[in-house]
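This is what each chain is made of:
There are 2 protein chains.
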Amino acid sequence: MTVLIANALILTIDQAMTAHENGWIHIEGGVIAALGSGKPPDLPGAEVIDAGGDLIMPGMVNPHCHMAMTLFRGLGEDVDDRLFRYILPIERKFVTPEMVAVGSRLAALEMILGGVTSVADMYYFEAEVGHVIDQSGMRGVVGQTLADFDPPDHKSFDEGFARTNELVGEFAGHPRVTPSIAPHAPYSTGPAVLKRVAKWSEAHPGVPVQMHLAEMATELDWCARNFGLRPVGFADTTGILKPGLVAAHCRYLDRSEIELLAERGVGVAHNARSNGKAGRGIAPVTALRKAGVPVGIATDGPMSGNTLDLISQFAPVSMFQKTLGGSRRPMPAAEVIRMATIEGARVLGLDEKIGTLEVGKQADLIRIDLSAPRLHPIYDIYSALVFAATPSDVRDVMVSGKWLMRDRQVLTLDRKKVVRDALQVAESFRIEIRAIDAAR
Amino acid sequence: MTVLIANALILTIDQAMTAHENGWIHIEGGVIAALGSGKPPDLPGAEVIDAGGDLIMPGMVNPHCHMAMTLFRGLGEDVDDRLFRYILPIERKFVTPEMVAVGSRLAALEMILGGVTSVADMYYFEAEVGHVIDQSGMRGVVGQTLADFDPPDHKSFDEGFARTNELVGEFAGHPRVTPSIAPHAPYSTGPAVLKRVAKWSEAHPGVPVQMHLAEMATELDWCARNFGLRPVGFADTTGILKPGLVAAHCRYLDRSEIELLAERGVGVAHNARSNGKAGRGIAPVTALRKAGVPVGIATDGPMSGNTLDLISQFAPVSMFQKTLGGSRRPMPAAEVIRMATIEGARVLGLDEKIGTLEVGKQADLIRIDLSAPRLHPIYDIYSALVFAATPSDVRDVMVSGKWLMRDRQVLTLDRKKVVRDALQVAESFRIEIRAIDAAR
Chain A
891 MTVLIANALI LTIDQAMTAH ENGWIHIEGG VIAALGSGKP PDLPGAEVID AGGDLIMPGM
951 VNPHCHMAMT LFRGLGEDVD DRLFRYILPI ERKFVTPEMV AVGSRLAALE MILGGVTSVA
1011 DMYYFEAEVG HVIDQSGMRG VVGQTLADFD PPDHKSFDEG FARTNELVGE FAGHPRVTPS
1071 IAPHAPYSTG PAVLKRVAKW SEAHPGVPVQ MHLAEMATEL DWCARNFGLR PVGFADTTGI
1131 LKPGLVAAHC RYLDRSEIEL LAERGVGVAH NARSNGKAGR GIAPVTALRK AGVPVGIATD
1191 GPMSGNTLDL ISQFAPVSMF QKTLGGSRRP MPAAEVIRMA TIEGARVLGL DEKIGTLEVG
1251 KQADLIRIDL SAPRLHPIYD IYSALVFAAT PSDVRDVMVS GKWLMRDRQV LTLDRKKVVR
1311 DALQVAESFR IEIRAIDAAR
Chain B
891 MTVLIANALI LTIDQAMTAH ENGWIHIEGG VIAALGSGKP PDLPGAEVID AGGDLIMPGM
951 VNPHCHMAMT LFRGLGEDVD DRLFRYILPI ERKFVTPEMV AVGSRLAALE MILGGVTSVA
1011 DMYYFEAEVG HVIDQSGMRG VVGQTLADFD PPDHKSFDEG FARTNELVGE FAGHPRVTPS
1071 IAPHAPYSTG PAVLKRVAKW SEAHPGVPVQ MHLAEMATEL DWCARNFGLR PVGFADTTGI
1131 LKPGLVAAHC RYLDRSEIEL LAERGVGVAH NARSNGKAGR GIAPVTALRK AGVPVGIATD
1191 GPMSGNTLDL ISQFAPVSMF QKTLGGSRRP MPAAEVIRMA TIEGARVLGL DEKIGTLEVG
1251 KQADLIRIDL SAPRLHPIYD IYSALVFAAT PSDVRDVMVS GKWLMRDRQV LTLDRKKVVR
1311 DALQVAESFR IEIRAIDAAR
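Those sequence lines, one after another, are chains A and B. The opening residue of the first sequence carries number 891 in our numbering; numbering runs sequentially from there. The opening residue of the second sequence carries number 891 in our numbering; numbering runs sequentially from there.
The hints are simulated quantities; they were obtained by calculation from the structure and are not laboratory data. It is possible that some hints are incorrect.
A pair holds if it fits inside one copy or across any two, identical chains being indistinguishable in the list.
To be verified - Pairs of lysine to any residue, SDA-like flavour, derived with a Cα cap of 20 Å:
hint	residue 1	residue 2
1	K1307	R1296
2	K1132	R1086
3	K1089	R1154
4	K1307	H1044
5	K1306	I1268
Using the sequences and the hints given, assemble the complete structure.
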């Protein structure tokens, strides 16, 4: 299958940040065959698309999500103990493979509408998430969670590892879905399990590890109380800090911990809106990146950050770093776009395959409509994207050369049914929340 | 003219935050005649609109803007000294009545598309802004700026006051455009001029005063060096702190200054994205509101905050206060919506007229399409608006019973021409910027 997109402003996000005005891109068998500016090549039999001056850029990479939690979106807002008051009790009661599929479908729908083409997920019954990602046409890393708080899909860590092995068995070799292991966090797994994960991981090269790390003040307390260490130092004693680890949050880091993460080759998923809504202060993203740690822009679960597109994270990512640095200079717009594409891909170990528009890479790309008055004038296209675009500006989405959305119509999911199914599950949550609140 | 909107989720934002599910609202001669839920009244000859379950809420109020600066949007991003490097030189050279009209039209277009129905502006040749607001159908407070940095429309303060008197003469009694006087800031006017403004203001009751206050670290230095005071204390010595003053920013306040602003009856325009992008830290909005100071959500000029809708300010407003408070609890979503409507109206002295949907108030309202998957499920409608809506979700806009937008089509401005005119002016700025950069 040959596709030619012409008459586009192409942002390649390659090392030199090459942009092609009046650009074209030639896709062959799902791979970028050529691209440039000026007169496009003559390709008989190609599907030719006139982009009408719209922007083409790499599909965005969301390196930390709990997709099924769309069903909890907006629940328990502004409540400090909502994890223990609402989330865990409802999860124990309601999380089934079917619920995970329903919630993950709503998440995939929203991400495609917002220009996200790759996602790293960690939740329960993760094979279901893999199926949803597969059907939606997206690319994803699906992580089986391991935790000690009586989670919905394993009664013991042995059972959790068995589930992980099954997941790896099912998705090994899948072109778009990568299986992963996801110890929930230091405090919910403990040293023995993290050591076991590190060892398991050595026996499974190419399987990413995902974990919440240095996210919460209570985690600092737990590590200090039990080991006299901070979270990163504690994690390092277990051998889990190594290339392939996607560390989510990393809010609480000191200078030596930043250097240690760089040295160990860890990637970080930064969750600006989730951290901001939790009142957790600002993660040291600028310092991490300066130390050489790749940092992607992530949404976290929709109960924490509400939306699953990256565009609505852009301004917060930049503003929080400028606030932390006390100046306009930190985190310029172009860097935000790098984080949302190639750097997120690097965090997931997918940077050879996706994250930029370069010859030989997979054709994971999005088209953005630049016609909204709020985007103009455009003195700097990256600034327009970061500070004035909205997820609704994304018009078309392609993964591996296949269209997932054209003209805002998602082609791989039944939008009405997906939303209807989600609202039905939400009704049962609503009843449960009333019961929880009444019992207090 | 009689309008009946039925089958809507109506958020009144009245004191009790009354919401009408399956609600209707009856508008007569531009005024809200009745509203409720259930079966709507039978109104022969009325224009009847079935809102199809969409949301109806008060139009939003933007209490601090420099509309014409849309033409500078995204210019000099990430540059700490951009005010002196770019803005002032370009303003001196290019700001004409025509440029102000062109830039303000783009701003009005964007604000209507984003659900803003009222705006307080301060800039130059402000009568032009008044004309644009009048033609666009919006409601506005237009403030003639007074400043000592050789601004484009007055060579002396005497000339500035003369311009202000003309502006007041032209718009006195206008149903939607309120003239205003706008001393730029303490450091750019000085004590004698602020005293003169305070006195002028006493002779012109009902004319709001707008001023940047306690915005910048350099302002703190200026006040300390010259008067041994902080900005609010200095301003108080001039008599300018009184009801009717719209104080923009108020980033640098201590406890006693917050109490003083409350005591003096000053209103505050909070610019979350503008301050965030400038790396200025977080304004004490929660403390101001607790002290009884009304605080509206403002966009600042588009060179500072980029967009002119309030929806893209919502999540930052809440997240920054939660970050400042170190908890999820500060600034719940419903409070953000109050700030964007009734509280902004109070800041501008318009709260008797607009800001809520109540019988007898002007019919300034917007319709929001709730169909986007990112908004669902909805456990809390205010949370959905604050953390997941985008300006593109606004579908219809009405001011004083007149439709300014239906189905995303702005009816009062020629969208294509407005954008084209703006891009033409931007071309001349582009050439000038190159010259400035080349000369460095």
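For each hint, the structure was consulted:
For a Cα distance limit of 20 Å, the shortest separation of K1307 from R1296 inside one copy, 19 Å, qualifies, whereas the shortest one across copies, 28 Å, does not. For a Cα distance limit of 20 Å, the shortest separation of K1132 from R1086 inside one copy, 14 Å, qualifies, whereas the shortest one across copies, 67 Å, does not. In the homo-oligomer, the alpha carbons of K1089 and R1154 lie at most 20 Å apart inside one protomer (16 Å), although the nearest pairing across protomers, at 66 Å, exceeds that limit. When the C-alpha separation of K1307 and H1044 is checked against a cutoff of 20 Å, the pair qualifies neither within a copy, at 30 Å, nor between copies, at 62 Å.
With identical chains, the CA atoms of K1306 and I1268 are at most 20 Å apart between copies only, with a shortest distance of 16 Å across copies and 36 Å within one.
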